[in-house]
Amino acid sequence: MLNYTLRRLMFAIPTLLVISFIIFALLDLAPNDPTGNLPLTIPPEVREQIRQSLGLGDPFLIRYAKWLHQFFVNEPLNILSQITGADIFESADRLRIRSWATRSPVVDLIVQRMPQTLWVVGMSYVVGILIAIPIGIISAHKQYSIFDQLGTFISMVGFSVPTFFTGVLLIVIFSVKLHWFPSIYDTNHEVTDWSSFVFQIRQMFLPVMVLALYNTSQISRFVRASMLENLNQDYVRTARAKGVKEKTILLVHVLRNSLIPVVTVIALGVPTVFSGAIITEQIFRVNGLGQLLITSIQGGDIPVVQTLTFIFAVLIVLFNLIADVLYGILDPRIRYD
Amino acid sequence: MTKLRLLLTASAVALALGAATSAQAARGSDGELKILYWQAVSILNPYLSGGTKDLHGSSMVIEPLARYDEKGNMVPKLVDEIPTIENGGVSKDLKSITWKLSKGIKWSDGTDFTADDVVFTADYCLAPDGGCQQRAYFSDVTKVEAIDPLTVKITFGVPKPFPYGPFVGSQSPILQKAQFKDCMGAKAPECTDANFHPHGTGPFRVTEFKPNDVISFEANPYYRVADEPHFATAVLKGGGDAASAARAVLETGEYDYAWNLQVEPEILAQMAQAGKGVIVSSFGTQVERLEVNPYDASAAAGDARSTKQAGPNPALSDPAVRKALSIAIDRDLLVEAGYGEAGKATCNFVPAPDIYASTANDWCLKQDIASANKLLDDAGWVMGSDGVRTKGDARLSLIFQTSTNSVRQGSQALIKQMWQQIGVETELRNTDPSVFFGGDPASPDTFQKFYSDIEMYTNNFDGTDPEKYLAGRMCDKIPSPENGWLGENISRYCDPAYDKLAAKLAGTGKLADRAKIAKEMNDMLIEAGTMIPLIHRGDVSARAATLDGVRMNSWDSQLWNVASWSRKK
Amino acid sequence: MTDAPQPDIQLEALPQERSRAMQLWGRFRDHKGGIIGAVVFLIIIIAVTIGPYIHTIDPQFLDIRSKNQGPSLIHPFGTDNLGRDMLAQVLAGGRLSLSVGMVAMALSLFLGTVVGLLSGYIKWLDGPLMRLTDLFLALPLLPLLLVIIMLFRETLRAVFGPETGIFILIVFVIGITSWMHTARIVRGDVLSIKNQEFVLAAKSGGTREYNIILRHLLPNVMSSIMVSATLGIATAIITESALSFLGLGFPSDFPTWGRLLYDGANFLQITPSRVLWPGLAISLTVLSVNYMGDAFRDALDPHKVKH
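The listed protein sequences correspond, in order, to chains A, B and C.
Using this note's numbering, the first residue of the first sequence is number 216, and each one after it goes up by one.
Using this note's numbering, the first residue of the second sequence is number -4, and each one after it goes up by one.
Using this note's numbering, the first residue of the third sequence is number 2, and each one after it goes up by one.
Keep in mind that the hints are not guaranteed to be accurate.
Some chain A residues close to chain B (C-beta under 10 Å, calculated; not the full set) [as the list claims (entries may be wrong)]: (1) N247; (2) E260; (3) V261; (4) L269; (5) D273; (6) D323; (7) L324; (8) G382; (9) S390; (10) T402; (11) N403; (12) V406; (13) G514.
Worth flagging that the hints you see were computed from the coordinates, not collected in a lab.
If you're wondering where the values come from, they're calculated on a predicted model, not measured in any experiment.
Quick reminder that beta carbons are idealized off the backbone N, C-alpha and C, glycines included.
Input sequences plus hints: build the corresponding full structure.
What follows is the structure in structure tokens.
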């Protein structure tokens, strides 16, 4: 297994390089432009000067090489000198990756957005998983019971109604009519004591609900399907014939085997936590990584989009690897070598 | 912010308060002001980002020498009076303007505001490789010099009948030399701290800046008006969409002010019924218009598409068609469906200020399907059995493009149906705004390339003088492959007589004469049918019912007088 | 465990194919939810195909004087803010949404299943195919769409006309950007099945590779595919609405369910029926497909053969 993991890690490096090149080429081809959102009162020749000052006049390959150098050399060195507190390798002169819209280092932007994304999107993922697994188990165990039918119904509705609608609906009900929860997330809020913690929970509640509904729907379907699959296996029948308690069969044997594919689904979903929830973040103004990505795409802010998507790519490759390794560990039938 | 600085601030506030009489001691008495912009502010240096939201955000901190008030009049800010020919501030040959700065103005760090700062700001924008986004405001400037610490003289290379480009309005405020002196040219983007926390002369100063998210402000203790700003702190939050921004002010009351609410009018009206807020609007010079392509835009034309080489547009080159398209539109209906309070039907390219607004084209205000049909009949366009008119090989079938935006798509649908009644078939198309307005020469969907027959968008001019705006329709401003599709003359209008008038306007100083020429140019454009103006668009925002002092302004930043905003007691 | 594959191996002769189909249908019929799902789905399809001939109002006809109306006899679902009839729009939108949803889902399932089966079963293909999957997962969707639309919109429009051209484009875009999860899941299943005794037995019994894949692996991964299918159809319908919202989908005068829902969201408090009906239509479609999927899965489950 270790061998396999190492081999995969080695493979990951060229893969990621290829991915970074393709993303860069794609962004370069894409027709949106950094001056697209500026007022039309700015004349065309000034727009052209702006593009030149952003370095858009350089050939494609040079821009790509610059980005590679900044991302793989300058930024890590910068982080290193920040951690050690020492000014190693003349960090002041190093060119950092800068956003075209804010002119500030992209890494700083990402660090700034991380907390709210983890709080809201991460929490909704955890909540989603915690609700989904019991629902999936019960639905499968009592297949076609009222609970199962209801669970299926709610999760299908939850999945088929898009977040742009549920978000508005929840705001109208809970913020406008009932005044229970704020409709706008305050990113300046700091948790220092009990009451500020309560406020944090209140402002997280609506976006987490919207996202958790979606996550729960998806994961509980997979848990249910996987449980059903296993319940029909011969080993279950054998165990039953042997007189093993139904509860033990369900929670020990079947659950263990059914969670194998579910773990994959969950691990594969983790990178999407970091990429944020674009629509939900927009509606509640959580302004996390998802909002950063979408505003940067719309604003043609290539350095931000490139860096963010590349970090997502790293996470995706990493979590795919983790999923595969977990799979190998959990399921003795799989042999990679 | 260090403790020491806090302490200094506090003592400065105490000093300021001590000096003022008790009646004026109202600075910071109204708590927190919460402003919501659904497009978040990216940077507070307007020279590095000309986005409207960035200009408005920075207008709370840094100021120009003079601003426009809500009626479009110039009001002095950092000077005692506006220089004119009459008071000797503008030279007789119209080639220079001299600003006299007010005494005793201080930056938010306590240092003196001087003419050096003004001179520096010009140098900053004109430095090569800086990509200064407000360079157009400094066009024809040859020299900016400090005559003495309180006098600045700007010299132009050509006579400027309207010399109020540099340092007037939210687009070109003054930066502090001490803070930005190491940030010239190519180094400009690297001064993140200065760009995010500029020192200013305005009512507020930045305490924390989260780019594209939220800005926290506190009252500037050195602000020149003793009892202003009335709010002690302010928050400018960004993100989301216009409808939910309106909801946060009008329905939930979480915020005090929400900017630019282009949402269907009935939604706003319904939200306003909650009574927590009020909708405010004002009109500037924005006109939603249809640009009419005189050239063949079909894919068959290949690379020559939408240029003179492609040949005339089979349908739109006929003046009768252009006129019929215009009078078939019921502009009031478009206003009612999509704009409400924030729109008026118009037939002009230059709809305001009043002295420039022509009335010669008001025939278009009334929808007249019968005359439109007759015009087309007379011009030889025969109604086909499928309800579409043809003339020879040409068919009145148009591609109608605009940017993606629910109000625009509504207008598109309405216009399509109106044109159906005169035998015109329309194919609608909408394009992501960042592509449509992006100007990427590789994309076929930009508004400059105009690969369609009709295009709808809005444009305006900053300030109150339409000279440059009108000059944008001259022959040499036509976008084409030769100039990389750069150019403002989207409808590819070209008339030597018009160019001559533009030159004449540039050399005329007297306001009444300028107005006459401008109207004449406006009428030429409309008469030629090169564009079909639809709606004079206003700005709509919402304020909390408890917020006093908002004077909605389309000529400058909407936050131009934020210093005198206060909480209703 | 060892006796599971036997019936399959014996079923290889051709005349028995038909009886197998009959058998499947028989088992499908036993599934109550599946039948209800199929009926609802059929009703929706019939409604959107025949409906416009009964309710003959043009979905694009604007009657601004009767805008924002609640349900009435003339407009059973009310009207929108430009006075368009909502029932007519929901019916017209259903045609587009359903066809986009189903075709895109089918494309994405096909791609995902093929990639998943191949990379799970054929060892040397695993690495390259999974890296390809990583690449597609990592690609930023929006710029990708902008590029695809920029490159192909004109060409497709010229060949197929505006509506069909955009349809092909959208189906293609949704299909190629949503197959990755199916592929990952199918591969995972195949990896765990391929070393089980019945597969090994079939292999040593001389069954051809493609037969092993089709006969033994595919039925066993069917349940995962069915889950992906039901989720996929919803995703496709919703992705389409996001595309139209971004100006990358159908022109604004071709309504789709997702788009109707999106446009109606802000009118929630004025005309609730604007969001109710499209939302209900999407949910019902997804639900019915889901139940049919359940029934299919049960019918296909090789372990049930013996009952």
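TODO: Report the numbers of all earlier hints that the structure fails to satisfy, in ascending order.
DONE: Of the numbered hints, 5 and 12 do not hold.
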